[in-house]
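*Asks:* Residues in the sequence shown are numbered from 4 upward in steps of one, following my numbering.
If you're looking for bench data, these hints aren't it; they were derived computationally from the structure. Fair warning: there could be bad hints in the mix.
Within a straight-line C-alpha distance of at most 27 Å, the following computed DSSO-like cross-link-like pairs (lysine-lysine) qualify [stated by the list, open to error]:
#1 80 / 58
#2 80 / 23
#3 49 / 80
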Amino acid sequence: MPTTEASRYPQRLCCHFTRKIGVDHGEHRGEAHFPWGLCVQRADSKALPFDCRAKDGASLAHVQFAIDSHVELFSRKSPVAVAWLPVQTG
Numbered sequence: 004m005p006t007t008e009a010s011r012y013p014q015r016l017c018c019h020f021t022r023k024i025g026v027d028h029g030e031h032r033g034e035a036h037f038p039w040g041l042c043v044q045r046a047d048s049k050a051l052p053f054d055c056r057a058k059d060g061a062s063l064a065h066v067q068f069a070i071d072s073h074v075e076l077f078s079r080k081s082p083v084a085v086a087w088l089p090v091q092t093g
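From just these sequences and the hints, can you work out the full model?
*Replies:* Quick look at the structure:
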């Protein structure tokens, strides 16, 4: 997710997620442990990459939907969107 405000998202997302799931976060990183999979966030000066993993495609889509909907919620004043890239395995 390209944004110049990347460092504010991991903390904000993880603090919000603590109400329902396990999280681990610091100033520029966060881990959200969803029932369907894991999403790791590491902010840098230009972007906030999300590394999401799950046991299958449906579970991964569920994790990505949770991230998409919360990013949309928290970026209402200056909208940003996550651009998901598939990862080649094997």
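*Asks:* Please write out, lowest number first, the hints stated earlier that are contradicted by the structure.
*Replies:* 1
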